[in-house]
Amino acid sequence: MAFTLYSLIQAAILCVNAVAVLHEERFLSKIGWGVDQSVGGFGDEPGVKVQLMNLVRSVRTVMRVPLIAVNAVCIVLLLLFG
Amino acid sequence: MDYTPTQSGFRQRKLQPNMRQRNSSADGLEGSQLFEDTSGAAHGLQTGNQQAGPQAAGFTGQSILSDPMSNLAMAYGSSLASQGREMVDKNLDRFIPISKMKYYFAVDTVYVGKKLGLLVFPYMHENWEVRYQQDTPVAPRFDVNAPDLYIPAMGFITYVLVAGLALGTQNRFSPELLGVQASSAFVWLIMEVLAVLLSLYLVTANTDLTTIDLLAFSGYKYVGMIIGVVAGLLFGRPAYYLSLLWCCAAIFVFMIRTLRLKLLSDAAAEGRLVRGTRNQLRMYLTMSIAAAQPIFMYWLTYHLIR
Numbered sequence: 001m002a003f004t005l006y007s008l009i010q011a012a013i014l015c016v017n018a019v020a021v022l023h024e025e026r027f028l029s030k031i032g033w034g035v036d037q038s039v040g041g042f043g044d045e046p047g048v049k050v051q052l053m054n055l056v057r058s059v060r061t062v063m064r065v066p067l068i069a070v071n072a073v074c075i076v077l078l079l080l081f082g
Numbered sequence: 001m002d003y004t005p006t007q008s009g010f011r012q013r014k015l016q017p018n019m020r021q022r023n024s025s026a027d028g029l030e031g032s033q034l035f036e037d038t039s040g041a042a043h044g045l046q047t048g049n050q051q052a053g054p055q056a057a058g059f060t061g062q063s064i065l066s067d068p069m070s071n072l073a074m075a076y077g078s079s080l081a082s083q084g085r086e087m088v089d090k091n092l093d094r095f096i097p098i099s100k101m102k103y104y105f106a107v108d109t110v111y112v113g114k115k116l117g118l119l120v121f122p123y124m125h126e127n128w129e130v131r132y133q134q135d136t137p138v139a140p141r142f143d144v145n146a147p148d149l150y151i152p153a154m155g156f157i158t159y160v161l162v163a164g165l166a167l168g169t170q171n172r173f174s175p176e177l178l179g180v181q182a183s184s185a186f187v188w189l190i191m192e193v194l195a196v197l198l199s200l201y202l203v204t205a206n207t208d209l210t211t212i213d214l215l216a217f218s219g220y221k222y223v224g225m226i227i228g229v230v231a232g233l234l235f236g237r238p239a240y241y242l243s244l245l246w247c248c249a250a251i252f253v254f255m256i257r258t259l260r261l262k263l264l265s266d267a268a269a270e271g272r273l274v275r276g277t278r279n280q281l282r283m284y285l286t287m288s289i290a291a292a293q294p295i296f297m298y299w300l301t302y303h304l305i306r
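Residue numbers (the UniProt record's numbering), protein chains in the order written: chain R, 1 to 82; chain F, 1 to 306.
No wet-lab data here; the hints were simulated from the structure.
By construction, the Cβ of each residue, glycine as well, lies at the ideal position given by its N, Cα and C atoms.
Treat the hints with care, as some may be off.
[What the hints assert, rightly or not] Sample of chain F residues with no beta-carbon within 12 angstroms of chain R, all distances over it, derived:
{"#": "1", "residue": "D89"}
{"#": "2", "residue": "F105"}
{"#": "3", "residue": "F142"}
{"#": "4", "residue": "G168"}
{"#": "5", "residue": "S183"}
{"#": "6", "residue": "I227"}
[Unchecked claim] Just some of the chain R residues that point at chain F, by a computed CB distance under 10 angstroms:
{"#": "7", "residue": "L8"}
{"#": "8", "residue": "H23"}
{"#": "9", "residue": "P46"}
{"#": "10", "residue": "L52"}
{"#": "11", "residue": "L55"}
{"#": "12", "residue": "N71"}
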């Protein structure tokens, strides 16, 4: 249970990487999670699934470029300090 | 006069101005002394800055004030310091909202006492609503239902110290372990707040709960943990389990009653059964947030009582 802040940062980077590799047309559309399937009801209740799909899409859009830098830094730190 | 640098930081800051004033008034005529006679300049500087400026002037000897050039340099340096502090404050306010945080620390002793009593025995409290004052919630000093950050912060620090004490009684203590305990507990706290934020986003709960509010609510469990660990240290394992059970039940009821008003819609909050998946989801969310507290309380303390 010896957590440090750095292990939390590493876990967060791994999770964001996992979300970033979900491809839009090859995978998400096949299982019904694509963006074209999220324009559902126009009421005020988006529902959990639609919210999740929107979250995945926005994480992929926003974090694609910063993840390159963050991953490079993380790899260098791991190589240097283990 | 004996200037002992081994005092703690807080008392040092309190005692030093007194010592310097007493020193300068008593030894004003002597040549060799620890602090020079800056009583005229010291009063003006001390009311404004911290003691970094006059301390530096005091240590370098008496000749510095008689030289007008270094006088000028000292004035310029102090103005630079105040400019730098303004800049730091302005930039820091962008990342950590200092003005918002001040609201959470506006507590007094009566509030802290009542809130601690509420955390341990929430069963008799009737009205859980936070009073508002023209759209802004009232400061914690005036309303016992308002969340604050003082109790969680103090609880966290006390938990780390009590954990160190408990590890010491088992001969497992080393100073690094304090840091490990602190960062572990902090990481769990951050993860819990992030999980709650994520679930609040997913069920589209339109609440006015801010992140700092969630941090405050998640920090209230440290009070129960401290009570459990102290009882376990004093009276053994059965006392630990009993007091932890009591505090878990208390924090469960506390969280449900507090979050019910903020997360659920008005009708459901009053106890009437409202159908619909949205309210059901919100009820499940409230239940799971409240149920996560006892789990964390046990998880973070069971290894301290053997």
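For each hint, the structure was consulted:
no., hint, verdict
1, D89, "holds, 25 angstroms"
2, F105, "holds, 24 angstroms"
3, F142, "holds, 35 angstroms"
4, G168, "holds, 18 angstroms"
5, S183, "violated, 5 angstroms"
6, I227, "holds, 21 angstroms"
7, L8, "holds, 5 angstroms"
8, H23, "violated, 22 angstroms"
9, P46, "holds, 6 angstroms"
10, L52, "holds, 6 angstroms"
11, L55, "holds, 7 angstroms"
12, N71, "violated, 20 angstroms"
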